[in-house]
Every structure is written in C-alpha cells, then in structure tokens.
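The lines below spell out each chain.
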Amino acid sequence: MRHSINRTRLKHTDSHDLDHAREKLQSVKKEHGDLMVGGAAPAGEALGQGRALMSGTNSAFVKFSDVQKTYDGETLVVKNLNLDIARGEFLTMLGPSGSGKTTTLMMLAGFETPTNGSILLEARSIDAMPPHKRDIGMVFQSYALFPHMTVEENLAFPLKVRRLGRSEIEPRVKRALERVRLGGYCKRRPAQLSGGQQQRVALARALVFDPKLVLMDEPLGALDKQLREQMQIEIKHIHADLGVTVVYVTHDQAEALTMSDRIAVFNDGVIQQLAPPADLYERPQNAFVAQFIGENNQLHGKVVAMNGTTCKVEIAGAGNVQALAINVEAIGRPTVLSLRPERVQLNPTPGTLPNIFSAEVAEVIYLGDHVRTRVSVCGHNDFVIKLPNSEGLVQLEPGAAITVGWKTEDCRALDA
Amino acid sequence: MVTMAVQIAREPDGMPLRTKLTRVERRRKLRAFILVLPLLLFILIGFALPIGRMMFNAIHDDTLLTLMPRTTAALSAWDGKDLPDESTYAALAEDLKQAWAQRSMGAIAKRINYELPGLGSQITSSARKASTLSAGPYKPTLIEINPVWGRQDVWSLLKRGSLAYTPYYLLRSVDYQYGPSGQIVASPPETAIFQDMFLRTLAISIGVTALTLLLGFPVAYLLATLPAKYSNLLMIMVVLPFWTSLLVRTVAWVVLLQQHGVINEMLMALHMISQPAQLIFNRIGTMVAMTHIQLPFTLLPIYSVMKTIPPIHIRAARSLGAGPFYAFWKVYFPQTLPGIAAGCLLTFILCLGYYITPAMVGGPNDQMVGSFIAHYTNEELNWGMASALGAILLTATLLLYYVFNKLVGVDRIKMG
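From first to last, the protein sequence lines stand for chains X and G.
With the first sequence counted from 1, adding 1137 to any position gets you the working numbering.
With the second sequence counted from 1, adding 24 to any position gets you the working numbering.
Isolated chain X, as found in the complex (with noise of 0.2 Å):
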C-alpha cells in the first residue's frame, strides 16, 4: 500500500509542489516536533523520508494547527490538534465514539467551526469558507442518499450545482457509476438498492465531481461484515487509481489497518499516534494506542533500571522484565509493559531469551486457525498466548505448568 501511494503521490506532484518541498526541506527537522502529537515519543522513525517531507512542510495538503473544539465551553471536544495530511494520502482517524474524530472530520468538512486554531486547505485558511465552497466529498455512514432522486440525478445534483452542460454531466456520471460497478442502474431509486449498492452510489457521487479531498465518516459502518471487508478493498483501489486524497474516519481498528497510509488514532481529544497501519501494530507509543489496536497483554510494573534504549522493570513478585523503553518517565515511576500475543513463546529453551517466566495454563480455547491460552503469569492471569495451528502445536491442558518467555524488543514499556 505505501508502495502505490508514493506512486499516486508522484503523479499528484507537479514540479511546483516539488520545489516547494525542496525549499522547505530545511524547516522539515525544525518543525518535527509539531507533527508528533499528544505528547508521544518522535514517531519520526515511523514515518519514510518521503512522507516526512511531504506532511512536515508547509506544503501540507490539508493542516490542522492548534484547533480546538469545545461545544459547552467547559470540556474541549478536540484538543489542540495538529495535524498534516499529504495530497493522495489516505488518512484514518481511529478511535472509540466520543474521542473527537467525527468532530475532527466535520470541522475540515465545514459543518462544525473551530473554537480555536485554524485548518488550511492547500495552505489556504478555510475557517471563514462554507463547506459547499470547500470542493471537498464526503460519504455518510447513512449513505444520505436523495430518496426523491433517481441514482442518476443524485450523481449529477453536485454537477448541476457546478452548472455544468448536459453533454458534460452525462458521461462523466456514466464513468463514476461504472467506476463503482453500478453501470446498470442509472434510473434506480436509493430505496430499490442494497445497503452495499446504496453505500456505492454514495461513493460515486462524492467522487463524480473531483473533490480535492474526500471524506468518509464511518462510510460502512452499517454493512455486514462480508460486505464491508469487499468494500474496503473496493475504496482501496478507487483511491489508488484516482490518487484523490482521503480523510477516513472509523472505530473499526481492521479497517484502519486495512484500509489506511497513515492512522491518526484518537482518544479523549487528542490524537495518541500517527503512523502508518505495521508502525502503529508493532510499535505503539503509549499503553492506549497497545490497547486499542490489536490484542494486547499488559503487564503492570516499576521502573528498576534505565540502560539507552531499554530499561528493566520489576513486576512485583515475580522478577524483573527486560523490556524497550518507549515512554518511559524515570526510575522508580510505574510503568505498563505491552507485549502481543503472537509474540509470546511458549516453553522455551532456558537462556534463550532475557525473559523467562513459569506460569500455568488457564484456559485453552480452539480457533481453528489458532490456539489461544489463556494462562497466569506473574501476577497476571489474565495473560493471552497465541498459538498457531501448525505443526509440533503442544497439547496444553488447564493447570499444566509451562515456562513463557519473550524477546527485548518485544516487550515495550509504556505509560501506566
């Protein structure tokens, strides 16, 4: 996926915008420390060079700088947020409902105005600009599909407010209804079509007048989950072969994962990381971001020791932890140790690994294509082990004593 965006990119950029970059190159290290978001670590290891460059510069396609959302003036909805989107980037905001992503979303939409801060279109401040003068697509979880229209009409309404001729508006709807696979359904209405075939047409249409930006608020929300997954791939495509620029918003961290360039995910007003779907899975910054995406362990310690980049943390009763130091405060502070499942081995070879701790078996529940083990170690038995399906799979029962261990890098201490 990042492959086929730096491929879009390069076509998106026109000399201007690359000589742009080249002049601001300087400003890129200087201005690294705005990028990162939410008091995280420099998540700039994260990011490609390419993709630094782009988002670091003013050239940013879309810029959040300090916005704030408050809407009863007492608790801020979106804080402080600053945020770069790069043209033909796809961009999701994840996070759970209420952490301010759709409010994000409709502000850079023009339906929710900023109580501070300002948001640039193309480096242009849209604050005063009413969102039908922001040429930007937006499709709805609810599809918000016309009912009194034909699928036709509904495609052709944002060219017709264009004021664009018959001869113009005809084709162009007949491409994008085809570009969704719709070709045959011209004179339809929304309610003779499917939840899919709706969610289709609401795409076409929010594509059908070549918005510099598109957004999507929680666009499949309302499929099933067969569905939803074809779809996801479907909006893929269409944004790698139009190279259009997408602001996603989702609480669905597969579709993130899936789906996305950049994730941006959000809780409580302010996003905790920024990175691209494998960084934020393999190296989340902080005990929210671990939690969030994907299955997690936490293992709740102190901070005994502090070596560069690792550090050792004690779990009380049960030893000391070699682990990475990712957000770390100082000796003595608690800390959240975050470890995936996948990545724990069980039974291994004493010595092998830093990390070796006896526990016993829990529970033990097949599926299918992996085990998962549910056992108690050090203190915690609320500890998941997955085991793949494959050859030389132990047999474990519940109450069978094992030994676990993981790898340094593995295990990364967070903020408790």
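If you're looking for bench data, these hints aren't it; they were derived computationally from the structure.
Fair warning: there could be bad hints in the mix.
Stated by the list, open to error - The calculated lysine-lysine pairs, modelled on DSSO-like cross-linking and capped at a C-alpha distance of 27 Å, are:
| id | chain 1 | residue 1 | chain 2 | residue 2 |
| --- | --- | --- | --- | --- |
| 1 | G | Lys-253 | G | Lys-134 |
| 2 | X | Lys-1324 | G | Lys-163 |
| 3 | G | Lys-331 | G | Lys-354 |
| 4 | G | Lys-134 | G | Lys-105 |
| 5 | X | Lys-1324 | G | Lys-430 |
| 6 | G | Lys-163 | G | Lys-153 |
| 7 | G | Lys-354 | X | Lys-1270 |
| 8 | X | Lys-1297 | X | Lys-1362 |
| 9 | X | Lys-1544 | X | Lys-1523 |
| 10 | X | Lys-1449 | X | Lys-1544 |
| 11 | X | Lys-1523 | X | Lys-1362 |
| 12 | G | Lys-134 | G | Lys-121 |
| 13 | G | Lys-121 | G | Lys-163 |
| 14 | X | Lys-1324 | X | Lys-1311 |
| 15 | G | Lys-153 | G | Lys-134 |
| 16 | X | Lys-1311 | G | Lys-253 |
| 17 | X | Lys-1297 | G | Lys-354 |
| 18 | X | Lys-1349 | G | Lys-354 |
What the hints assert, rightly or not - Restraint ranges, calculated between C-beta atoms of paired labels, are given here:
| id | chain 1 | residue 1 | chain 2 | residue 2 | range |
| --- | --- | --- | --- | --- | --- |
| 19 | G | Leu-41 | X | Gly-1321 | 40 to 46 Å |
| 20 | X | Arg-1326 | G | Lys-53 | 33 to 39 Å |
| 21 | G | Thr-268 | X | Gly-1321 | 42 to 48 Å |
| 22 | X | Gly-1505 | G | Arg-47 | 47 to 53 Å |
A virtual CB, placed ideally from N, CA and C, is assigned to each residue, including glycine.
Based on the hints, put chain G in the right spot on chain X.
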C-alpha cells in the same frame, strides 16, 4: 427432508395440512371480523346510510306522485302542448278534494312553490274551493276558481311530478331550472346564487389552504429541526387550539377583530389608522378565523414528514457544493411534498364544509355551501335542495380527491 415433509403433511388424524391451515386461518379471520363489527355497523348506520339517503333525496321526490295520484296518472298521456282535457281536470278535482280532506294540501303547495314561487297559497285556496265542487265540467270551473289551473307551467310541473325522480334540485343547485314549457333554462339572476356560492366556497378554501401552508411550513420546519426541549414547548403551542372548542376560538376572533376590538384599538392607539377598520363580518374575518383553526391540520402532516427527513441530507447536499438555499430547495423541500399534499388536502376538504365560522365571523357574502345546506335543512325544510347541495359538495370533494390521487398518489401521503 422428504420423509419429514411427508410426516408433516399427514399429521396424526390423517387430516391434510392444508385443510388445517385453512381452518385456523378462517378462525383468525372470523375473530378479526367480530372485532371490527361494532364499528363497521356504526359507520354503516351512522354514516353510509345517511349519506346514501341524502344522495337519494337529491334526485328523488314523489310528493306529487303520492298526493295527486289521479292527476299524475292522467297526465302521463298528455302531450304538453295545449291544456289537458276534461278528464284530467276531473282527476285534478278529485285529487284536490282528497288532499283537502286529508290535510295534505300544504305539502303539495310547498312542492309547487319550490319551482313556481308564490303559487303555493293560490293552489291551497283553490283546493279549498274545489272541495265543494260536486259535478263537472271541471275544466272551466277550476280555471275560473283560480287562473293558475290554466297555466302551462303549472301543468308541465304536474306532469314532471308523475315521475318519482327529478333532476330539479340538482339543476337548481347549479342555477338552472325548468322553463314554462318544461325545457331547462338558466335561473333568473335574482335567484342564481349557487354557482357564485360554490366558486366562493372553492376560493375561500383555496385561500385558507394557501395561508395555512404559508404560515405552517416554517413552523413545521422549526418544530422538526429544533432540539426537543424547545420543540416540545412549540408543539404544545401549535396543538393548543386543538384542545379548545371551535366555537370558543371563533368567538375569540370576534372579540379581537370587532369594531372596537383589541386589534382596532391597538392600531388606533399606535395612530396607524384613524378609523376602526372593518376586520370582521367580511372576508378578512372569515379567512383569519378559518386559517387559525385549520393551521394545525396543515402543519402536523408536514411536520411528521419533515421529522423523517434525515438532517444529514442537507449536509450531504452542502458538501456536494449546494448553497444553503439550493440544498433546501432541491433536497429538503421535495421530500416534504407528501406532507404538504396531505396537509393541504386535509385542510382544503375540511374548509369546503365550513359552516359555523363563516356564519359567525363572515358577512352575507362570505357564506359557504355549508351555510346553505344548513339553511335549507333547518329553516326551509327543503330536503331536496339540502341534499342536492350536499351531493354536489360530496361529489366535488371525491372528484378533487381522485384528481389529487392521480397527480400525487395517495400512497405517498403521510397523515399525522
């Protein structure tokens, strides 16, 4: 699968499944029918029957046929050119004697008076004199007693009376009547009031419907879009008139609009007018009071339809490039049409039958068809005219409903 189906189809007692189903269905239908029976009977007796009777009365009148049996029988052979022959006059004399003896002369006189105003009393007095006649020749004697019996139009009226059905009342209701020799002619201007009256009824109804739409639509929109805590209060204010008697509301308008009423006093105190304006007992008063009473009927169906239109549609339209007004006009307004149609139809049909309000706050030139029906029913006891006007009103209403259904489609209407 097959064996199972066979088993089910031949249940224990060997009765086929289909028969059982029919039996159960029949029982269910019977129960449903019994539940609706009381209301069905009530509607039949209290609504369908009187209306049918009214429609029948509009064309059925056997007064002359039953009260003057001999004359009407003798007249069936009359060619209508010259005065009838002696035998008919003899039959007439017999009928007059009998009618005088049975005191049914009043009904005959009244019936003749409908078509030939002013002749009723002469007919009655001639019957009194004819009752003393014992032998012929009757023709010259009767004409001598009263010259009305030598009049062509009287005899042609009696001949028409030999049929139990007459279009007279319907003709009269649209300003036509029978001429002296039985042909259909337009009513003389001094009695031709019904066409104007129907047009006036139509005009007032259309006017009131338009006013309620104009005033109600914005309020309905506000009701549908305001947050619940405000819209509830507003809703109470809208439906409050519903809980007040129609009579009370109409009288309240009299208080407000009369010569030295609240409105006039206020306008004069503000020096906006120097003389009290005539606001009541004319078209202004009628329209104001009727609009006030009908407002909720128009407003509520529109509101209920608006409530179902997702606000997201406007947002979608805005994001597609439509300005606020264009989005409203092209996306929101068309979706309210079923509600507008329902509300306007309801108000229009109710307005057609208005009686009390125009009678109380209107002038003589604002009386609608309802007042005339009441006048014929309560004061003149002319059931024929009352029924004919009622039948025309009902037919016109049904016709309008039919046209409306063709244009809009009742299935698209949403009531309440």
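Against the structure, the hints:
no.	hint	verdict
1	Lys-253/G with Lys-134/G	violated, 64 Å
2	Lys-1324/X with Lys-163/G	violated, 81 Å
3	Lys-331/G with Lys-354/G	holds, 17 Å
4	Lys-134/G with Lys-105/G	holds, 25 Å
5	Lys-1324/X with Lys-430/G	holds, 22 Å
6	Lys-163/G with Lys-153/G	holds, 14 Å
7	Lys-354/G with Lys-1270/X	holds, 17 Å
8	Lys-1297/X with Lys-1362/X	violated, 35 Å
9	Lys-1544/X with Lys-1523/X	holds, 16 Å
10	Lys-1449/X with Lys-1544/X	holds, 13 Å
11	Lys-1523/X with Lys-1362/X	holds, 23 Å
12	Lys-134/G with Lys-121/G	holds, 17 Å
13	Lys-121/G with Lys-163/G	holds, 15 Å
14	Lys-1324/X with Lys-1311/X	holds, 12 Å
15	Lys-153/G with Lys-134/G	holds, 18 Å
16	Lys-1311/X with Lys-253/G	violated, 46 Å
17	Lys-1297/X with Lys-354/G	holds, 11 Å
18	Lys-1349/X with Lys-354/G	holds, 24 Å
19	Leu-41/G with Gly-1321/X: 40 to 46 Å	holds, 42 Å
20	Arg-1326/X with Lys-53/G: 33 to 39 Å	holds, 35 Å
21	Thr-268/G with Gly-1321/X: 42 to 48 Å	violated, 57 Å
22	Gly-1505/X with Arg-47/G: 47 to 53 Å	holds, 50 Å
Taken one by one, the earlier hints fail for this structure at numbers 1, 2, 8, 16, 21, listed in ascending order.
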